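2 protein chains.
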Amino acid sequence: MDWIYRVNMTEGKVTKEEIPEAYAGLGGRGLTSTIVAAEALPTCHPLDENNKLVIAPGLLTGTAAANSGRLSVGAKSPLTGGIKESNAGGTSAQKLARLGIAAIVVEGKAENGKLFKLKIDTSGAELSPADELKGLGNYDTVAKLTEKYGEKVGYISIGPAGEMKMSAASVAVTDPENRPTRHAGRGGMGAVMGSKGLKAIIVDDSGTSRPVVKDPEAFRAAARTFAQLLREHPVTGEGLPTYGTNVLANVINEAGAYPTRNFSEGQFEGTDKISGETLRDTIIARGGSPKHACHPGCIIQCSGIYHDEDGNYLTKRVEYETVWANGADLGIDDLDAIAQMDRLYDDYGLDTIEMGATIGVAMEAGVKEFGDAAGVIELIHEVGKGSYLGRILGNGAAVTGQAFGVSRVPVVKRQALPAYDPRAVKGIGVTYATSTMGGDHTAGYSVAPNILKVGGDLDPLSPEGQVEISRNLQIATATLDSTGLCLFVAFCVLDRPEAMDAIVNMINAQYGLSLTGDDVTELGKKILRTEREFNRKAGFSAADDRLPDFFKTEKLPPHNVVFDVPDEELDTVFNF
Amino acid sequence: MDWIYRVNMTEGKVTKEEIPEAYAGLGGRGLTSTIVAAEALPTCHPLDENNKLVIAPGLLTGTAAANSGRLSVGAKSPLTGGIKESNAGGTSAQKLARLGIAAIVVEGKAENGKLFKLKIDTSGAELSPADELKGLGNYDTVAKLTEKYGEKVGYISIGPAGEMKMSAASVAVTDPENRPTRHAGRGGMGAVMGSKGLKAIIVDDSGTSRPVVKDPEAFRAAARTFAQLLREHPVTGEGLPTYGTNVLANVINEAGAYPTRNFSEGQFEGTDKISGETLRDTIIARGGSPKHACHPGCIIQCSGIYHDEDGNYLTKRVEYETVWANGADLGIDDLDAIAQMDRLYDDYGLDTIEMGATIGVAMEAGVKEFGDAAGVIELIHEVGKGSYLGRILGNGAAVTGQAFGVSRVPVVKRQALPAYDPRAVKGIGVTYATSTMGGDHTAGYSVAPNILKVGGDLDPLSPEGQVEISRNLQIATATLDSTGLCLFVAFCVLDRPEAMDAIVNMINAQYGLSLTGDDVTELGKKILRTEREFNRKAGFSAADDRLPDFFKTEKLPPHNVVFDVPDEELDTVFNF
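Protein chains in written order, with the numbering used here: chain A, 70 to 645; chain B, 70 to 645.
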């Protein structure tokens, strides 16, 4: 990948430049974070011209490496005020890689109210007005664009939430059937795209082929090993393909760590009705698909297709995080309602985690009752319409808590916490507290060694060893997020060292390098240091590396535990 | 002043304790900040039980010292997230001082939805339910309380905004006619009081007398000198008594520093219609009063009484900041409308500065048109009702900017900037940026030496010398805010060193001390250090000591200047 496209929205110009030395050899999160740190003003308003939106495929994206289709989207986050990388599946990353594009850097800001689309193909990249897409949901946006550009291209787009610059707005990426179901959800990347006046990117890779491999034979061998290991591992080879990510619902509920009704309990009485098992049964009964790849070359195929009661396509197989945020956290046990919410979130372009947690806070304020699924659907429409209530909710849990005077607001660095209560899985609490990304499970998934006993075996209720495990996972994840590989390969990598070797071998073979495992670890550290430094300049300090106090004072049933990893230990996470 | 009342709202108990050694010798801001820093958890949610609300009269309050009736209200601020001291006039401070009360410390949190009032008199202090006051504005609250407690007591109360825990909610203090027109406005102290479930404090000082003076003769001499100096100074003896604070409208507009239409211009074409001169003429023509003391012993008497067109009391003489925030900043030149807004803010219990600046941001988003006075009055009612729109606006400019995706948001540490554009008065820009309080002019009023040529003579358009002047003023102000003296005495103090001597002499005579000018300066430094340290623990760092970027990039007409005091210089303000 040799090129960077700079899209200057102020001037309406696109320039193609060779990848500068400083950014060479980077991909995915490594590249987005490096560019954001080097080029965006840390103290800028995230919706202003001094912020930059960077979109980058990973180092292995576009190759034959299994599960390598992730697309990283980075910027200063309007939700957290810090640096952000959020990544998604879908087909666009692979297409960008085939076009030789390392990154799209969206700069400046179009005149207020103007909307553009960016078309990229082998002949170059071009901006054109997108007034015809104004206010459209992601589904209609893609449908309209498909009329013009066809089905064989990838679409990256924002919905009304992004156009309204809401802090919970996502960037949608289409799957192989051109459904906008894969989202760079977290941290309001859609709002940054919206602030620039960019509604959609059309990625047409026709006429391209796979990136040239420096050592094809070595690559093939490593790729084969990697794929084999993924197939063999019980999580990536069986759990996820069979039940999708929502396989976790029963597991986490059983562990007493399934945050229920705005993080007030650790078990939800309705879990059985929304579990991965029930989800699979429902999908099969209605003729949906329990397996589906969100991009070509995916072995895990966790995404699936969810049909409504009449047997018509409604949305993807809803993810664990979505089911939790809009299920247990809201006291809702209605799978169809949750699937409808998912469809609406995808369409309006909203982060399902932030939105569920936000509505949990609103329910605590009495805006709706816990358990009121129809009420939640109403609320999502309010967000999509941009009503005043919608303006509150669409800007996330911290704003909603402030608006309604609620003090139990489950956020770190103003980003809502995901589906594992940090009191009952202390390792993930360490990641939530200290991640450069704000409350985020994917930044260092300590749930694996705490609960799943993958990559270690820690007592989830004890603070012992949690800082070290979170540190190591955060470093490894920063690297993994740079490869373009789906994070789920980590389940396999954590258990099988050969899988990590295979990844390093693929990178080496692809680029003609001779990286070692240590080099790869060093890359992860470097990325984290870059992100931390940006955050420091943006104003984050030790006090931001903390969970909200109520996790330290309110006991979580059924284990009746609080979060008790000492602050001083949290402050050592980045001692490397 | 020998006593502290601890009001535990969780348990519904009040205890009276002797002032502990650590707090002895402190008053006003010095005392509130010291207690908040020592007892409130810096990382707590401001609306939670770990925050404390501290109410304290100043060191000279209750004595015969002129203009010594200020009441300090402190807590961790729900608006800024940092420490806050906001002070107000009115009669309650003097009554508390006469009761020997150094501070009221409100702790814990009543059960959600429960509302109490606190009655303090010579027999002690008692909490009782205040359900009868639920949802009442400050005017009705005081009227209802007056039926029971009479007219000779002081009332400290919150309106619906405080009950709804809005970040722009103020704490109202009654004037000598028991009108709730004096407000500890900034930083949401009303929300903290509301979060605790405390609706009102009734301060009955009947049966008390002035605090005992250690050296009555020395006190009388110093007090006489001080009063004389205040009468002689052109600002405190003439400008303020004649025109009120709004004497500044023409002056600041002339200087091109009068922020207009959300800080987009430095001069407002309608200034003449809302100036201090026009205000005085209007007041006189309608039989209002151009002079009025907000507490006994006030020599300056800037407050005044504003009548409506029918000659009936409407509100106090509207303050400069209020007229600006709801006039020029909104493109409104209708004095009656602004006076109505002031009345509504006082009644709902809202900070007039935060609210005006917030509505400026909302107007930039198109919620109402600039200049639409009737629209603003509608918006204020929305806040009072707690509608969804009101929930946005009542939580200030930062939340409103985020809700509507506006990036030109004039806040520092999430608190709205007051009525002097920092690009055209660079010294006040330094104070805005670096004050422990967030965007605040009273924390170090560099407007005096920049524009009024009081206490120095600096070029307001040059960055030269601004850090030093702001530093010195911030130190002096921290001391002054501890004495209970009205900040306006500073105009005199800055020009006449004898006035400062008189203040020190009064304190010495009152308490039998032998403080020097240096001791007094040291006190100011100590207070600032305490506040900075709290803020550091709460998460503030150098990046928070900055103006929003648009002040550095957008040129302000008519001088076409940007804010150009270098960041490195800003970082030296607290080098003392």
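Note that these hints are calculated values from the structure, not bench results.
Note that the coordinates shown come from a computational prediction; the quantities given were computed from them, not determined experimentally.
There may be inaccurate statements among the hints.
Which copy is meant is left open, so a pair is good if it fits within one copy or across any two.
In the PhoX-like style, the derived pairs of lysine-lysine whose C-alpha atoms are separated by at most 20 Å in a straight line are [stated by the list, open to error]:
1) K595 - K82
2) K606 - K360
3) K437 - K454
4) K621 - K178
5) K621 - K595
Query raised in the report: From the Cα coordinates, with 20 Å as the cut-off, is the pair K621 and K178 best called within, between, both, or neither?
Result: The answer is between: 18 Å across copies meets 20 Å, while 42 Å in one copy does not.
Query raised in the report: Between K595 and K82, at a C-alpha cutoff of 20 Å, which is it: within one copy, between copies, both, or neither?
Result: For K595 and K82, the Cα distance exceeds 20 Å both inside one copy (32 Å) and across copies (54 Å).
Query - Intra- versus inter-copy proximity for K454 and K437 (alpha-carbon distance at most 20 Å) - result: Both: 18 Å inside a chain and 18 Å across chains, each within 20 Å.
Report task. Indicate which option fits the pair K606, K360 if close means a Cα-Cα distance not exceeding 20 Å: within, between, both or neither. Result -> neither (44 Å within a copy, 49 Å between copies)
Query raised in the report: With identical chains treated as interchangeable, where does the CA-CA distance between K621 and K595 reach 20 Å or less: within a copy, between copies, both, or neither?
Result: neither (32 Å within a copy, 32 Å between copies)
The structure fails to meet hints 1, 2 and 5 from the earlier list, while all remaining hints are met.
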